[in-house]
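**Q** For what it's worth, this note's numbering labels the leading residue of the sequence shown as 2, then goes sequentially.
If you're looking for bench data, these hints aren't it; they were derived computationally from the structure. All figures in this text were calculated on a predicted structure; none of them were measured in a lab. Any given hint might turn out to be false.
Listed next, with one range per pair, are the computed distances between beta-carbon atoms [as the list claims (entries may be wrong)]:
id, residue 1, residue 2, range
1, G206, D141, 13 to 23 Å
2, V163, E250, 36 to 46 Å
3, M112, G198, 17 to 27 Å
4, I159, P252, 46 to 56 Å
5, S162, E249, 25 to 35 Å
6, Q74, R240, 50 to 60 Å
7, L39, R167, 43 to 53 Å
8, T121, N181, 17 to 27 Å
9, H244, E49, 42 to 52 Å
10, S235, D141, 24 to 34 Å
11, D141, E118, 11 to 21 Å
Each residue gets a CB set at the ideal place from its N, CA and C atoms; glycine is no exception.
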Amino acid sequence: MEEAVADLPFSEAQLQRVETGQSSLRRAEHLRSLLEKLGVTDDDTVEELLEIQREASKEEWVIEFKDSMTPPQMPKFVAIEESARTIRAFHPLLPWGSLQTEPYARAIFAMQQPILELPTESIDKAVRLRMRRREFITRDEDPVKLMAIIGEPALRHIVGSVDVMREQCNDIIKLASRDNVEIQILPSVGTRYRFAGDFSILDLGDGLPPQVQVDTAWGALSMSGKPRDVGIFSRRFERLSTHALPPEETPDFVQQLAREIK
């Protein structure tokens, strides 16, 4: 078995779970490597199996949440998000979804409940979905790399309670210590490049085009793989990153914010 996985980009334990049906290969590049190792090289066969993998990844666990996912493009986004190699994300007013604690996420959805007229069970499901998406960056096997920039107001505004906010701050510090997570804070003071909306850029690897996701004021979710759109938001992210604090300053800055929350 060790010889069989020697040249594969994933562990023996993961291969065993795939063989027993307990797990699946999320990334196309991993399936390609396994097929090559098994001697499957016919282009049409490989492409057919990759298409099956893509469709399966969209349907697996997402089905449980489909009836509560809004907007309609959300299931597609979540499926791509799970299999992404790297995600670059920016939010000016909230911690990015994958960085949110369960109490914080619940408080955010509760704030929207009277406006969107959501039943309580929908909030419960939305929170479970957010926590499931959080696992994309915290799972032991093959976690997604996240490079997130959040505006300082995201940690200044009280959501839920002071305790909820302090827990959220401490969790961001903890997540920032992971090898696959890089978090920057964009301070409110100073002359800095700013952008009013939130967005993410998903790098899928394996020669697939990156996708850019943008939330609109109407609650819709727009996605595009057009090179021009990806280029604009990539440059936007680079400018925001340049004007945000360096990642190594995040723990001290967030810790100070947590002390100032009242």
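**Q** Determine for every hint whether it applies to the structure shown.
**A** Going through the hints against the structure:
no., hint, verdict
1, G206 <-> D141: 13 to 23 Å, "holds, 20 Å"
2, V163 <-> E250: 36 to 46 Å, "violated, 24 Å"
3, M112 <-> G198: 17 to 27 Å, "holds, 19 Å"
4, I159 <-> P252: 46 to 56 Å, "violated, 21 Å"
5, S162 <-> E249: 25 to 35 Å, "holds, 30 Å"
6, Q74 <-> R240: 50 to 60 Å, "violated, 26 Å"
7, L39 <-> R167: 43 to 53 Å, "holds, 51 Å"
8, T121 <-> N181: 17 to 27 Å, "violated, 34 Å"
9, H244 <-> E49: 42 to 52 Å, "holds, 46 Å"
10, S235 <-> D141: 24 to 34 Å, "holds, 30 Å"
11, D141 <-> E118: 11 to 21 Å, "violated, 39 Å"
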